[in-house]
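**Q** Starting from the given sequences, assemble the full structure and let the hints guide the process.
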Amino acid sequence: MGRYVARRLIYLFVVLFAVSAITFGLMHAVPGGPFDKEKALPAEIIRNLEKRYHLDEPLLNQYLRYVKEVFVPEFSTTKFSSNFEDDALFKFKIGGVYVKWMNFGPSYASRSRTVNDIFRQQLPISIQLGLMALLVAIIIGMPLGIIAALKQNTIFDYISMSVAIFGVSVPVIILGPVLIWIFAVTLKWLPATGWGSKPPYLLGFLPTSMGWNFFKYAIMPPVALGLASSAIIARLTRASLLQVVREDYVRTARAKGLQERLVITRHALKNSLIPVVTILGPMFAALVTGTFVTETVFGIPGMGKYFVISITNRDYPVIMGTILLYAVFLVIANLIVDILYAYLDPRIRYD
Amino acid sequence: MRSKTFVFVSLLVLASMLLAACQPAAPEKVVETVVVEKEGQTVVVTATPEEAVAEKKSIRLNLGPGDVPTLDPALATDTSSIQVLWEIMMGLTRQDEVTNEVQPALAKSWDISEDGKTYTFHLRDDIYWVKYDAVKEEVVQVMDCQETPAPRKVTANDIYYGMLRTLKPETGSNYAYVLAFAVEGASDYNNGKTDDPATVGVKVIDDTTLEIKFVEPAAYNAAIAGMWVAYPQPSWLIDGDDCTEAQGDRWTETGFNQGIGPYVLKEWVHDSFITVVKNPFWPADVASVPQPKIDEVTWTMLDETAAFAEYETGNIDAAAVPLADIDRVKADPELSAQLTIAPNLCTYYYGFNTKAPVVDDVRVRRALSMAIDRQALIDNVTKGEQVPAQWFSRPGLAGAPTLESHPDLGIKSDAEAAKKELQSYLDEKGVTADSLDITLMFNTSSAHQKIAEAIQQMWKDTLGVNVKLVNQEWAVYLETIRSDQTPQIYRLGWCPDYADANNFIREVFAVNGSANPDKNSDGEPDGGINWKNEDFEAKVREAAKELDPVKRVELYAEAEEMLVVDAAAIAPIYWYTRVTVTKPYVTRTFGSAGQESVDKWDIDMAAKGQ
Chain A
1 MGRYVARRLI
11 YLFVVLFAVS
21 AITFGLMHAV
31 PGGPFDKEKA
41 LPAEIIRNLE
51 KRYHLDEPLL
61 NQYLRYVKEV
71 FVPEFSTTKF
81 SSNFEDDALF
91 KFKIGGVYVK
101 WMNFGPSYAS
111 RSRTVNDIFR
121 QQLPISIQLG
131 LMALLVAIII
141 GMPLGIIAAL
151 KQNTIFDYIS
161 MSVAIFGVSV
171 PVIILGPVLI
181 WIFAVTLKWL
191 PATGWGSKPP
201 YLLGFLPTSM
211 GWNFFKYAIM
221 PPVALGLASS
231 AIIARLTRAS
241 LLQVVREDYV
251 RTARAKGLQE
261 RLVITRHALK
271 NSLIPVVTIL
281 GPMFAALVTG
291 TFVTETVFGI
301 PGMGKYFVIS
311 ITNRDYPVIM
321 GTILLYAVFL
331 VIANLIVDIL
341 YAYLDPRIRY
351 D
Chain B
1 MRSKTFVFVS
11 LLVLASMLLA
21 ACQPAAPEKV
31 VETVVVEKEG
41 QTVVVTATPE
51 EAVAEKKSIR
61 LNLGPGDVPT
71 LDPALATDTS
81 SIQVLWEIMM
91 GLTRQDEVTN
101 EVQPALAKSW
111 DISEDGKTYT
121 FHLRDDIYWV
131 KYDAVKEEVV
141 QVMDCQETPA
151 PRKVTANDIY
161 YGMLRTLKPE
171 TGSNYAYVLA
181 FAVEGASDYN
191 NGKTDDPATV
201 GVKVIDDTTL
211 EIKFVEPAAY
221 NAAIAGMWVA
231 YPQPSWLIDG
241 DDCTEAQGDR
251 WTETGFNQGI
261 GPYVLKEWVH
271 DSFITVVKNP
281 FWPADVASVP
291 QPKIDEVTWT
301 MLDETAAFAE
311 YETGNIDAAA
321 VPLADIDRVK
331 ADPELSAQLT
341 IAPNLCTYYY
351 GFNTKAPVVD
361 DVRVRRALSM
371 AIDRQALIDN
381 VTKGEQVPAQ
391 WFSRPGLAGA
401 PTLESHPDLG
411 IKSDAEAAKK
421 ELQSYLDEKG
431 VTADSLDITL
441 MFNTSSAHQK
451 IAEAIQQMWK
461 DTLGVNVKLV
471 NQEWAVYLET
481 IRSDQTPQIY
491 RLGWCPDYAD
501 ANNFIREVFA
511 VNGSANPDKN
521 SDGEPDGGIN
531 WKNEDFEAKV
541 REAAKELDPV
551 KRVELYAEAE
561 EMLVVDAAAI
571 APIYWYTRVT
581 VTKPYVTRTF
591 GSAGQESVDK
601 WDIDMAAKGQ
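Line order of the protein sequences matches chains A and B. Going by this note's numbering, the first sequence opens with residue 1, and the numbers climb by one from there. Going by this note's numbering, the second sequence opens with residue 1, and the numbers climb by one from there.
Don't read these hints as lab results, they were simulated from the structure. Do not take every clue at face value.
Derived lysine-lysine pairs resembling DSS-like cross-links, with alpha carbons at most 30 Å apart [what the hints assert, rightly or not]: (1) A/K51 <-> B/K203; (2) A/K188 <-> B/K608; (3) B/K468 <-> A/K39; (4) B/K168 <-> A/K100; (5) B/K608 <-> A/K216; (6) B/K117 <-> B/K532; (7) A/K188 <-> B/K57; (8) A/K39 <-> B/K412.
To spell it out: a stretch of chain A is covered by chain B in this simulated footprint if at least three of its residues, at any positions, have a beta carbon under 8 Å from a beta carbon of chain B; those stretches are [stated by the list, open to error]: (9) 39 to 53; (10) 108 to 115; (11) 187 to 194; (12) 250 to 260.
Stretch by stretch, here's where chain B covers chain A in the computed footprint (C-beta under 8 Å, at least three residues) [said to hold, decoys possible]: (13) 232 to 242; (14) 295 to 301.
Heads up, the beta-carbon is just placed ideally off N, CA and C, and yes, glycines get one too.
**A** Written as structure tokens, this is what we have:
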């Protein structure tokens, strides 16, 4: 298992290099540049801007510069300045040496921020929202799926699946404003927009206080976001469980005279989780790296919009940063899913 | 269930490893971790003790979605950034937010030389650099490095430093071009032809006297001297000095930021909100900028729909009305009483590529322009009580004609005249209207799509012309409409950088203007409206220099007639308005050029409490 994980981590770096190279090539191939604005800028101004951000250099140099800034740590005996050239995600001091590592570059659209700032300040909020949404999705989705499967073709099945269909077909852009209208505008129980935590964060991503002042903001958005995912989980759980209960080993368990409850929880359920866990990986990566619509509707200052507006703005460092971030989360989430398989199904071995 | 716990724990551990070291570099004071909190009633101790007794007045407004891009005057380009700078910074002059008249601000007065090019500004000597001290929870003066530190006043050197920093090529300022075009020698310094700052026509005579040499004796020179790109900037904070650590690109952040405006930055939580508090050191006798009555202003960064919901719950005191809610607001007795439709100095238009087939004939362009029923479009599609545009320079701009002074100027919707114009073209070419091949392009957006579809239908009904609609993604679109691929008809809008007609008709449509690019600098346009008319060029140059306001308006009126009627190079569609709701307890002005002067607002806390 250890060797397997090590191999997968090396594979992660290969994936990241491939993703960064493809993204870099694609974004420069698309027409339009970061300095094309509704108000056309004079050529001299664009020249200054391109020089400032090294966009006047050959593409290969730009890519190598990017890779170097991100992957190669820099050392210095004097303190790094507050300028963006010297910015980095990790800045610390060992002995008398200052070290900086991982500079994802400045944002061209938000002139006073770097991609590192966005990771530090916006990503934690998206992680908080995403984890809660995933929790909601699992808490609603799995029981619905299990009930539907065990009571197949009964009224419970139909109700559960109706809820699931509702979850899939009512997008956040509808559900969000409806929830706001009911709970914020009319009943005034919950705040309409905003988020209950801000930097600095505990361990880099957890809110420093978790009282009502945090949770009153964190009720509607995770529910709205989690509902759609819960529907997917419910349908998958149902289908998978229906298949598993027809397996030989379940019949054997029943033949042994095991209680139906034990047959389901100990034998059927555990095996039926494999397809569900498979989808949880990508779902986790998608939810915690930010969700554009949910964050916009509820005015949550997360990462989601940077995935979208960076492309509209041709904000190259932000495009690269967000895509690499997503890739890291996706690969790691899938790795964890693969490890989980071995626990869920002893027949799966990685050696 | 054990496995699920395992997923979470392992992911949490992994994520924390990834992020553990990502704490902000500067230790921030841990305040209450509430992002949107209701205005606390705690009394802020300010430098003027009598204020402490009064109840704190606070207001919440919205800037629109997304983080404010920057609070660095050298780098600001957008309305959100400029709005905040408008309150925490100050220029030599200030354009009144409603009338756009140029008023003294940092400068008490100015003298203009005989040739109208050299301006000598006399500065006030009672404006201090201030910052918000989070420990003391009050606004404090910034001290200098002398042995017995004295408060730093705003001097001519700060403005000189600010203008030169904006112009320096390494700064990479987008809006440096406004100074580069207007100030003598600024262009060469900005494009790197010289690195000698002495060649730029800005000179510090003494601490309170600054001389600026402009390229032209233009009417709008004083307005340009007051633009954000010419604001003072704190050299000691950006580059460091004996008693200040250099903050470089980070100088605008919470904790470092220093300002000189009627308000001071208290907190900027990126992507979330900005709070500014009243500057107690702001002098009482600045006519254009009174001492603020509201103690604290918070701007949220919400989407229009979310902000409107917050307005309805009572957490935001003034908000824009989303298009989808306009009908409901108008019908609601309470909301309709809070509704104001105020002018917004922007123009929505369709440009014609005057060198493209079919629309290279002025009769076709004029016919298309006249066949647009602008009022019907406004009533049924845009719904914000916009004004049908007869020409380009939005009335309300300095120098622009108004509908009162020039009711018949420009182009008006006229179906009969449109048919006649087109018929004469069709007869000459011997073709039929439905065989004309015309394409209208716009950037992908449902709002532009609806407008384009309505106009497409009008052209079909009135002229029998079938116009094809094409849309492109924004950045691709911007490249297309400035290249030789410019489609026959394309959509754009324009809003002021400084509220003067020069910033509209000349900076957009004169050769090498924003919508008439001359990329190879041969004096001939090669994209956009692709239009050159020597008389027009001369007229807008002459108007820029004209100092008699009445004559100036006449010159612009003549230029507009050439642009939208004689050549019909564009079809102006509507002049923007702003549809806003404001709570009844707020007394306010309505800024027309993009900024609100919150320093002039007031709030009746007793009425708010009810």
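**Q** Taking 8 Å as the C-beta cutoff, is the stated coverage of the stretch 108 to 115 of chain A by chain B satisfied by three or more residues?
**A** holds (count 5)
**Q** Hint check: A/K188 vs B/K608, CA-CA at most 30 Å. Holds or violated?
**A** holds (17 Å)
**Q** With the threshold set at 30 Å, check whether the alpha-carbon distance from B/K468 to A/K39 stays at or below it.
**A** Judged against 30 Å, a Cα distance of about 26 Å means the pair holds.
**Q** Taking a Cβ-Cβ distance under 8 Å as contact, does the stretch 250 to 260 of chain A have three or more residues in contact with chain B?
**A** Our answer is that it is violated, as 0 residues pass the Cβ test (under 8 Å) against chain B, missing three.
**Q** CA of B/K117 to CA of B/K532, is that 30 Å or under?
**A** holds (28 Å)
**Q** Hey, A/K51 versus B/K203, does the alpha-carbon distance stay inside 30 Å?
**A** holds (28 Å)
**Q** Are A/K188 and B/K57 close enough, with their CA atoms no more than 30 Å apart?
**A** holds (23 Å)
**Q** Quick one: see if chain B covers the stretch 187 to 194 of chain A, three-plus residues with Cβ-Cβ under 8 Å.
**A** It holds: at least three residues are needed, and the stretch 187 to 194 of chain A offers 5 whose Cβ sits within less than 8 Å of chain B.
**Q** Are at least 3 residues of the stretch 39 to 53 of chain A within less than 8 Å of chain B when you compare beta carbons?
**A** As far as the stretch 39 to 53 of chain A goes, the hint holds, because 13 residues have Cβ atoms under 8 Å from chain B.
**Q** With a C-beta cutoff of 8 Å, work out whether three or more residues of the stretch 295 to 301 of chain A approach chain B closely enough for the coverage to hold.
**A** The restraint on the stretch 295 to 301 of chain A holds, since 5 of its residues have a Cβ under 8 Å from chain B and three suffice.
**Q** Between B/K608 and A/K216, does the CA-CA distance stay at or below 30 Å?
**A** Holds: B/K608 and A/K216 sit about 24 Å apart, inside 30 Å.
**Q** Verify the proposed pairing of B/K168 with A/K100, using a straight-line Cα cut of 30 Å.
**A** Holds - the C-alpha atoms of A/K100 and B/K168 are around 28 Å apart, at most 30 Å.
Against the hints set out earlier in the document, violations occur for numbers 12, 13.
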